[in-house]
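**Q** These protein sequence lines map, in sequence, to chains Z and U. Our numbering applies: residue 5 is where the first sequence begins, and numbers increase by one. Our numbering applies: residue 73 is where the second sequence begins, and numbers increase by one.
Worth flagging that the hints you see were computed from the coordinates, not collected in a lab. Mixed in with the good hints there might be a few duds.
Derived pair list, reagent style PhoX-like, types lysine-lysine, alpha-carbon separation capped at 25 Å [to be verified]: (1) Z/K287 x U/K90; (2) Z/K322 x U/K341; (3) Z/K314 x Z/K324.
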Amino acid sequence: MTDVLVVAELIDGGLRRTTLTAVTLAKQIASGTGGAFDILSIGVGAKNAAGNLAKYGARKVFVAEIAGGYFAEKYAPTVAEVAKKGSYGVVTGCASTYGKDLLPRVAAKLGATNVSDISAAKVEGGKVLYKRPMYAGNVFGWTSPNTASAVVGVRQSEFESAPEAGGASATEEVAIATDPAAARVEFVGLESQKSARPELTEAATVVSGGRALKSAEGFKTVLEPLVDAMGAAMGASRAAVDAGYVPGDLQVGQTGKVVAPKLYVAVGISGAIQHLAGMKGSKVIVAINKDKEAPIAQVADYFLVADLFKAVPEMAEKVKALKAQG
Amino acid sequence: MKILVPVKRVCDPDNANKVKVSADGATVTSDGLEWKPNPFDEYAVEAALRLNENAPKNEKLGETLVCSLGPAEVAQTLRQALAMGADRGILIDATDGQLDTTVVARALKALVDKEKPDLVLMGKQTVDGDSNAVGQTLAEMLGWPMATFAMTVSTNDGGKTLTVGREVDTGVLTLKVTLPAVVTVDLRIVAPAGIKNGATPADHKYNEGARYASLKGIMQAKKKAIDQLKLSELGIDTATSSAYPKFELPPARTGNCVFVETVDDLLGKLRTQAKAI
Ligand SMILES: Cc1cc2nc3c(=O)[nH]c(=O)nc-3n(C[C@H](O)[C@H](O)[C@H](O)COP(=O)(O)OP(=O)(O)OC[C@H]3O[C@@H](n4cnc5c(N)ncnc54)[C@H](O)[C@@H]3O)c2cc1C
Ligand SMILES: Nc1ncnc2c1ncn2[C@@H]1O[C@H](COP(=O)(O)O)[C@@H](O)[C@H]1O
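Whenever a hint applies, use it, and build me the whole structure from the sequences.
**A** Put into structure tokens, the structure is as follows:
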């Protein structure tokens with residue numbers, strides 16, 4: 005029997021959907037081992053988000069309202085205290101940058117094994133085994149912790165969001181624990197660019213641009229009309245981000261975001277191993293590239309051999325027309 | 073300041089798709105692939121060197137130590153960092169099978185207790201295991217503050233604090249941490265203006281990326297010390313936290329790549345064959 009604690013991720017005082025992929029893992033482990041799962045709503049807006057989190061069938065939703073911006077030293081002590089009190093065998097959260105920052109620190113506090121960025125789990129004879137992409141997704145390792153408890157990060161693109169379960173979990177406020185290390189960190193600010201487009205990790209269609217777009221202007225005038233015609237989220241290669249064409253939070257890849265949409269369109273992207281690591285789980289992959297030999301062909305289903313500066317504007321117009329027809 | 077940079081060797085990341093799994097699934101082999109420093113660690117070395125120098129004057133402001141856990145051959149990896157300009161190397165002799173997150177973090181903690189650096193600057197992740205956990209684990213074991221995913225670092229208060237821009241999912245999150253601390257670096261740390269140390273003029277233009285070792289650097293590196301330690305001598309628990317009983321290759325993508333020449337052809341196929349739009 006393994007009880008599971010889900011650490012929620014909040015954004016702008018509300019629930020971030022990343023949390024629901026961790027709920028899916030929690031349900032799988034709890035039902036596979038005959039245990040229960042609880043959720044910890046923590047941070048700014050924890051009380052507010054608890055109402056929402058209560059809809060997913062957890063035995064309990066714990067609430068830790070903490071003011072001010074996030075840093076791990078501020079949250080980890082409370083997560084660890086709640087985890088210890090409930091003797092959870094597994095503590096889990098989404099392997100977003102938030103989860104990747106916080107969860108290993110929690111694991112170290114608990115003396116638990118940290119299992120990063122898993123793509124699947126299975127319960128065998130009461131034991132949980134986790135599948136992890138390694139070597140930029142070129143190998144999967146199955147791992148099992150040697151310790152009594154584990155802290156597990158869930159790769160968002162590989163787990164469904166848990167659906168609402170009906171009913172409402174009981175909520176309970178918990179004490180905020182502190183840590184001397186927190187006194188040596190000051191939150192200065194978070195700078196984010198709001199976009200009306202769907203979130204990269206949640207969109208059904210992603211259109212990404214590479215170095216070949218040549219400038220920020222290229223992204224704006226050439227790529228964006230196609231992105232919007234397709235109702236897609238916009239992504240980018242590292243080369244495009246490094247060159248300053250678009251912000252870093254659009255990077256897809258081994259070290260950027262991992263996406264698995266129904267349709268992924270790579271425009272002027274060669275398909276380096278590190279880029280493929282972030283998108284090869286997509287259902288249908290389209291490449292638009294003037295070089296037939298580009299490695300993206302190894303994963304693409306369709307490859308339009310063309311100059312993007314001609315093909316992309318034409319495609320944007322034609323997709324718009326198709327969508328207008330319905 | 074005194075900076076410790078842990079560096080791991082990994083098999084050539086640009087050929088990671090040539091890594092093989094043994095027939096029984098028990099091991100991963102990278103035979104035939106070159107060993108390289110983990111790219112993020114190379115970036116951390118570069119960032120440490122930038123923090124510890126007045127670049128135009130070619131003047132050193134602090135000591136940069138590099139360390140690696142691994143078999144004897146990691147001395148080669150350390151030499152590369154020494155050739156870039158690091159001052160001293162420490163090799164902790166360990167087998168590849170021992171290199172799990174907690175063992176590495178415990179060993180690094182023992183080393184930090186001994187060397188007392190002001191800053192541990194390291195990669196955010198190794199590109200073989202892709203764990204992204206040693207930095208956070210080490211910071212917690214030390215009771216130190218940390219800043220992960222660093223894309224910019226600047227020193228303040230006479231080197232007592234650092235302002236770190238962290239590249240997160242939703243944008244750039246800025247923290248100010250009081251040293252000693254652990255900072256893990258992301259790709260953009262080696263952008264021309266990623267590091268500000270108050271000595272190198274703000275308008276100094278660094279090249280993009282980590283510096284190459286000069287011939288002189290390579291010659292000098294041969295004379296620099298690499299201290300040898302055994303994992304067993306550090307007085308730490310060397311039990312690994314997890315086991316990997318089985319490895320497998322990802323399923324190959326089904327179907328072949330269909331090449332098309334026109335937008336109409338592409339859209340037609342997406343609509344009728346793939347039903348993707
Ligand atoms: C540690 C590390 C981590 C990394 N992480 C990531 C990551 O997370 N994500 C990532 O993307 N990369 C990552 N990289 C970088 C990666 O190795 C590649 O350098 C990068 O993906 C290349 O970007 P690109 O495809 O846009 O550029 P290029 O490789 O330069 O490709 C440009 C492509 O555009 C095509 N092209 C040029 N002009 C036109 C035109 N007019 N019309 C049509 N096609 C055209 C070319 O044929 C070419 O295929 C990482 C690298 C390292 C070392
Ligand atoms: N064997 C090792 N020797 C030295 N440093 C290491 C080793 N393994 C991991 N590290 C450091 O820890 C960072 C994060 O690694 P990981 O958590 O394993 O992805 C790396 O970028 C290195 O700086």
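**Q** Each hint needs a verdict: does it hold in this structure or not?
**A** Structure-based check of each hint:
no., hint, result
1, Z/K287 x U/K90, "24 Å, holds"
2, Z/K322 x U/K341, "14 Å, holds"
3, Z/K314 x Z/K324, "16 Å, holds"
Of the hints listed earlier, there is not a single one the structure fails to meet.
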